[in-house]
Structures are given as C-alpha cells and as structure tokens.
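*Asks:* Knowing the structure of chain A, use the given hints to seat chain B on it.
Line by line, the protein sequences give chains A and B. Residue numbers for the first sequence follow our numbering, so the first one is 237 and each next one is one higher. Residue numbers for the second sequence follow our numbering, so the first one is 237 and each next one is one higher.
Errors might be hidden in some of the hints.
[Unchecked claim] Residues of chain B clear of chain A, computed beta-carbon distances all greater than 10 angstroms:
#, residue
1, Glu242
2, Val245
3, Glu406
[Unchecked claim] Part of the chain B face toward chain A, derived, beta carbon under 8 angstroms:
#, residue
4, Arg309
5, Gly316
6, Phe317
7, Glu346
8, Ala570
9, Arg572
10, Thr615
11, Pro616
12, Asp618
13, Thr624
14, Leu627
15, Ala672
What the hints contain is simulated information worked out from the structure, not anything from laboratory work. These numbers were taken from a predicted model, which means no experiment stands behind them. Think of the CB as a built atom: it goes at the ideal place given N, C-alpha and C, for glycine as much as any other residue.
Number of protein chains: 2
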Amino acid sequence: MIESAETTVLRADAMLTPAGPLVGAELAFDAGGRITYAGSLRPGSAVTHDFSGHVLMPGLVNGHTHSAMALQRGVSDDEGFAAWLTAVQGLEQHLTRADVEAGVQLALVEMIETGTTAFADMYHWDEGLIELVRGSGMRVFAALATFTAEAVGFPGVALWSGAEATAETERLAAKYARDPQVRIGFGPHAPYTSPPDFLADLAERAVRSGIPIHTHVSETRSEVEDIKRRYGASPVEHLASLGLFDAEVLAAHCVHLTSADIDLLVENGVAVSHNPVSNLKLGCGIAPLPDLIDAGVRLSIGTDSVASNNTLDLFEEIKLATLLHRGVREDAAAVRAATVLDIATRGGAEAIGFPATGALEVGKLADVIALDVRGTAATPLDLEGSRTALLSHLGFTTTGADVRHVFIGGRHVYANGEHLTLDAEAIRARAREARARLVRRAER
Amino acid sequence: MIESAETTVLRADAMLTPAGPLVGAELAFDAGGRITYAGSLRPGSAVTHDFSGHVLMPGLVNGHTHSAMALQRGVSDDEGFAAWLTAVQGLEQHLTRADVEAGVQLALVEMIETGTTAFADMYHWDEGLIELVRGSGMRVFAALATFTAEAVGFPGVALWSGAEATAETERLAAKYARDPQVRIGFGPHAPYTSPPDFLADLAERAVRSGIPIHTHVSETRSEVEDIKRRYGASPVEHLASLGLFDAEVLAAHCVHLTSADIDLLVENGVAVSHNPVSNLKLGCGIAPLPDLIDAGVRLSIGTDSVASNNTLDLFEEIKLATLLHRGVREDAAAVRAATVLDIATRGGAEAIGFPATGALEVGKLADVIALDVRGTAATPLDLEGSRTALLSHLGFTTTGADVRHVFIGGRHVYANGEHLTLDAEAIRARAREARARLVRRAER
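Here chain A stands alone, though its shape is the one from the complex (with noise of 0.2 angstroms):
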C-alpha cells in the first residue's frame, strides 16, 4: 500500500499481535490514528520512530476505577476493613469539586505512565472532568456514580443522589455520543445501595438510550447475604430479575457467584471487570477468574481505586490475576499469561465499550505502548529463541516502569518517559496540597 507523508512508522524488537509474538516488528497508523500496517519489518518504510530496546502492546485497558480516589492514597490500609472505610469515606464527606479533579488528574498521570489507555471510572463526573480526560488523550467509560437516600455507610451522598445525576448523564451522554475519547453511562453504585425502583427505572432508560450501566456487584460475601435476605435472591439474579441485563452493563468485582450466576453474565452479555488486588487488599475473597474464562464471560482487569490498590499499575494486576488461581487450584496452568494479556487489552476494550481499539492489527485504532527491555530485570530476554519469551516478560516480569511511549489513536501522549499532555510535577504538587487541606478539613 502506499503510505501518505502523514504516516507514523514504529519499528520495535518485537510486537505483541492478536496472533501472538512477533519478533522484528513494524506499526504504521495514519494521520486520524487508524493502523494501516502491523506485521514483520519492510524495507524501506520511513520509520518515524526507532525503539530498538523496546517491544510494543496494545495500550492497557483499566475496567475499573475511582480516579478521583487518587488524592486518598494510603488512608488507613493496614487496621482491616471497617477502619479503612471509615477513614476513607470521613475524607470523602469532605472532598470538593477541586479535590475531585485534582485526583482525577493525578490519575491520568499515573495510568498514562504506566501504560494504560483507557479506563472506566464511577465517581462524580461533569463535563469539566471529561474535557480534562479528553486534553490528555486517554479514553474513559465515565459513570455517574448515584447512591440513594437509604444508602447506609456511604455519608457523602450529598453529592450522589437523586434524579439529578440521572439527567446530567443523558446530557453528558448525548453531547459526547460521537466522540471516540468518551462513553458516558449510568453509576448505580451497587444493588445494596440502589433500591429496586430505581434500578428498574435506570435499566429502562439504558435500554431506550443505550447509555451503557457501570455498578459494582457481588463484591463481598455478606453483600450477597444481605441482598438475598432483602430480596429472595443473588445480587445477579436480583439484577437480571430487574431487567438491568437488557442494557449494556460493566459488573465491577463479581467476586461470589454461584453457577447460575456466571450462567446469567454469560447469557446477558455483562461484562465483568476482575480486580483481584483490591479483592485481596479489602478482604472481600478471590473472584472465580478461571471459571469466568471457562464460561465465557466478558472480561476486562482492573485496579479499583488506589485506596483499594494502592497503584494503578496494571501490569501489577495481570500478574497477579495469571498467579493466583495457579496457587488456589494448585495448577500452574489454571490462568495463561496470554490470557490475561489478552483481557487486559482487547478483552477489556470491547468490555467498556471501546472496540475499535485494543489490538494491534489494520483497521484499529493506534492505542500502543512501547516498554523498555534493556533493563536487568528484561535480561535475558529471548525473543528469537522462544515464541513464548514475549508473554512471559509482559505476563511475569514487565511493570508499569517499564513504559517509555504511550501513543492513544496514534496521539502521542508520553514520549520517553515525559507527558506531553499533562503537567506532571504541577499536578503531583497540587495533589499533594489538596491532600493535606482534604485531611485539615476531615480533622476540623
């Protein structure tokens, strides 16, 4: 093909595909980001970009997190579970429209550094946060998170509530419905926090409007003993009885499911994000990611917020995702590697709604990173000799450290090591006061 002036050429020691390795490779992607090649290296291609050292992936995608949450970092994350929430949610009563976006931007910081080129989010979300998403280059499923009066243990409900929040996400949804950065959906934040006329209400409008649906669900064991004592049955099947599966919906956590429930996700469509750092962290138990894989539900990874995590690190994630059922099973092939490479990126693309990316091969759009393997840690990597060297240094051995470029449809937005979107140091700064006045007004 000929190849316009406008072209962006990569060339990299090696490429993660959706058919496997590929060892000596090239990306091209046109002026609008579209990729028009991705294959073994030609000669004579006007390469813009050389990252010999480096091997390139699909940009990862986080299915689910609280942005904002990144200004409570660290907040009492060793005393168990009830003194976490309280010291979380006493600074949350106190969190203000500058709070909100000064985490929302430390964030993107973050993800963009380590790799991540989009993500789906609850929180409080206006048009102000989506624009700063948007000057960044990152793509967000954003949902305005909504509780309800009768949410208990939740205090800052003030901003969360009513019908308002309903309205403000089909505006925002209608305003941004062509735009390839942004997806806006509905938040109900969880079946334990949300009563059922208004789920039923939401789930009726998803499906008019096809505004997608982001809640949290089976999270916790006494989550799922409390909605079966209030409603006969398992917060999966409370949901589904609903009608909520009729929309598109991202079920965050889904930790305890029976084998009727993964039979619903499967038979509805839902999407689940798998979190299992914050799963572990919160004492909330293991999700059964293999036989979720098994069944066939939509898969995406995700972090939770960092005062679940404490990073947003996502390679951090997929390793332990591929770990963990290998200990629990005691099977050392119970999770792949390339698996959960694979629901990290393409998986977790078409989960939060965002298809035309995820994978590195014509047609997509350039979401790409470019990671380091000159480091001791990428030493030996054995790239010619094994087809699989590839997936185990991206599934055991690569961190978000590791990320040196971050092209977003074909944006570069992180060019080695440095933002190119974002003020980095000021926005490191201005959460770091926003911290301190958060906690001086939490203690007042």
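*Replies:* Same frame as chain A, now just chain B:
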C-alpha cells in the same frame, strides 16, 4: 556524641525504624559501617547525603533464591508445571561454570538495584562466585546444593552430588568464618532428593561445625505424599527425626504443613522462607503465613529463582505476602504490611544469619536503602498527617524501581540509580550472550 570526620550522615524525609516510621530522619554510621545515630534531624549535623524526596528503610533480605538461575528467566512459564520443569532442566544440563557466573552476576545487579542487601542462596557455589559477591558488596548465605544419585528428575546431577560438595562446604565455611558478608551452608536440595543417611550425616556435621543448612521443605502436595509413603512421616517430621533440626536450618517454602509441623518448626527454631510468587506461579499452593506468624516461627521472605518468579524484586513479594491471605481468609487484617516489612528486613536478616543487620538502630550495620518518593505513585504521601503513611507506602505502593541508593555495611554500592561496584551494562550483555549460547547447546 562526638562523631569523627569519617562519619557518614544521611538525611531523608522519613525512615522506617524498629519503633515504626519516623518523619524527618537522620542516620549516621561510622567508617566501619556501624550505625551511630538513627533518629530525628539534629541541627548542625555535617550531612554527607541529603536525600530529601526520599525515605530510608533497612535493606531487604531475600530468604531464598538460586541466583545463578537468572540466566533461565522466562523459560516456558505459561504451559504448566511439567513443561516448565522439563525446559528449565533441559537448560540446566548444559550449564557451564561461566554460565553460573554470568547468572550470579546478573542476579547481583538486579538484587542491588531493587533494594536487596543480603540473600540466602542454594546452588553450585564455589570460591570464585563467593568472591564476586564480596566484590559487589552484598551479603550472602551460600549453600552448596547437593542431590544424590537417586534423585529423580534432576538430570544435572553430575554437578551437584557426592561427598565432594560436603568437603568443599566445610572448607569454604572455615575460610569465610569471620567474613561479615559471607556465610557458607550445606544445601541438601530436599528430603525427596536426599536419602536419610546422607541427611543424618549432614546434620551431625552441621551440629559439630556450626555450619547452617538451607533446604527445600514441603513445597508441593505430591512431595508431602511421597515422603509420607516412603517414611511414614511428613517432611518436617522426617527431617526432625533425622536430627536435622538440631542444626541451624533455613527451610524454603513450607507450603503444606500440619499444625504438628508448625509446632516442630517453632520448638526447633527452624527459620522458614516464604516465597508466595513462586508458590503461586508453579501451582504449589498457598503457605499458611498467618499461622506461621501467630505461632512465632522465624520468618523470611524470598523470591525463589527468577525461573519461578520472574524477578528478584522483593517489594512485589512483600505486597503479595500481605495481600494473599486477606483474600483467602476474607479478612483485611489477616496479614499486616507492618508485619511483612519486618519479616523482609529484621526477620530475614536474623533468619539467614546476619543478625547484625536488618534494622536502622544504633549498633547495627548500615544496610540501608533510599527510595524516591517524588513520583506519581508516591503522591500524595501524607507523612506528616498519618503515622501509618510510610508503612502503607512501603507495603502497598513501592517497587524496586523506586530504589535510588543502596548502602551495605555503610558501603555505597548504588548511587542515584548507578552501580558503584558492578558493571551492570557489561553484565547484562554477558548474560544475554550466555543465554543464547546455552539455548544453542541445549538444542544440539
């Protein structure tokens, strides 16, 4: 106190001390590397290194690895246990002395740059390799691995067997008896690869000479069943009955234990190395860490070799050790970060036989690392506002990539991300070449 001109004084934003985190910290040590002050900032100190934007903690101690296997990183680790073992052993049969040296050097580079200052190792150690470690500045408890002819599934037996290793261990132990960087040990591979009479002989020698023992114990369920079938006892009971625990023993893994086993470990003062990443990756299972902590077992944390990890970054091990049982037991307080950080430093140093290190307090040797806390994942870090902020940061956020300075016994071995004792670039290049040659030999 009056300090000589040869005193080194470090200042940092905070420091992890045996009494907990200290904000605004100063650490001084004399020309012999002995800590003379560890506390709050003192006006008028002649500061040698101003590490503002950094925090100090004791160097990490790796309780179990096979450093030479750094050359076998990323070998067939996504196809189940049998394929992995076949591939790793397939290479191991063709290892040369030069390969072992290249692997040890690579591991030294990786350990130092991720903040490890002492490690317990079991492999084919000799005087030349010990001298490499001494030159790097690191501390090693080096056990000379032995298999016996009846060992099944370890084809590289020629390198390892016989009375030769026992005699060489005794010779090296005598030679390095007074070296503060070196301990030499017997390394009977495991109860299932060492016959009872060999173990009983080693036990007697170890008690007589004071030479410690490093061995694998109860790593897999099948090993436990095998030993029960052969000897009518669990591996721990079997080793106890042979008198092995009359010597000083470091037992790696201990995944499958009965409560009687745990009692035996406590009664005999056996030190255990917990290796959560390796145990998960190879499908071995989940060691009962909370039970070991509660029972008062002497504990360390280890990475195992990179073939089963795939890095030597102990911060990853620390986070996983803290998280894992929170999920397994559905209790966010099941294991505390504070406890695991203590195990990875003070506990590990004591467990592998360097009790003069592992804590930043007066009289100990200055094995200390400085971590950069100016990055995004370290933001915000509310050191002033929260007494637990430093523990949270070290336990849940820090990775080896944050390490900027390493001192071992007061010797500055890593400064601003540059090695002062090792030629890292040349060592990485040598490892790449050695791996390529090894693979070619194995394919012949």
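*Asks:* Are the hints correct? Go through all of them and say.
*Replies:* Going down the list of hints, with the structure as the test:
No Cβ of chain A approaches the Cβ of Glu242 (chain B) within 10 angstroms, the least distance being about 32 angstroms, so the stated non-interface status holds. The Cβ of Val245 (chain B) sits about 27 angstroms from the closest Cβ of chain A, beyond the 10 angstroms cut-off, so the non-interface label holds. At the 10 angstroms boundary, the C-beta of Glu406 (chain B) stays outside the reach of chain A, the nearest C-beta of that chain being 34 angstroms off. A least Cβ separation of about 6 angstroms between Arg309 (chain B) and chain A falls short of the 8 angstroms threshold, and the interface hint therefore holds.
Interface hint status for Gly316 (chain B): upheld, as the beta-carbon distance to the closest one in chain A is roughly 4 angstroms, under 8 angstroms. With its C-beta approaching chain A no nearer than about 4 angstroms, Phe317 (chain B) sits inside the 8 angstroms limit, and its interface hint holds. A least Cβ separation of about 4 angstroms between Glu346 (chain B) and chain A falls short of the 8 angstroms threshold, and the interface hint therefore holds. Satisfaction of the interface hint for Ala570 (chain B) is found here, the shortest Cβ-Cβ separation to chain A being roughly 7 angstroms, below the 8 angstroms cut-off.
Against a cut-off of 8 angstroms between C-beta atoms, the interface hint on Arg572 (chain B) holds, since the closest Cβ of chain A lies about 5 angstroms away. A cut of 8 angstroms between beta carbons decides the hint on Thr615 (chain B): the least distance to chain A is about 5 angstroms, and the hint holds. Hint on Pro616 (chain B) holds. Least Cβ distance to chain A is approximately 4 angstroms, under the 8 angstroms limit. The criterion of a C-beta within 8 angstroms of any C-beta in chain A is met by Asp618 (chain B), whose closest approach is roughly 6 angstroms, and the hint holds.
The criterion of a C-beta within 8 angstroms of any C-beta in chain A is met by Thr624 (chain B), whose closest approach is roughly 6 angstroms, and the hint holds. At about 6 angstroms, the closest approach between the beta carbon of Leu627 (chain B) and any beta carbon in chain A falls short of 8 angstroms, and the interface hint on this residue holds. Of the supplied interface hints, the one on Ala672 (chain B) holds, with its beta-carbon coming within about 7 angstroms of a beta-carbon of chain A, less than 8 angstroms.
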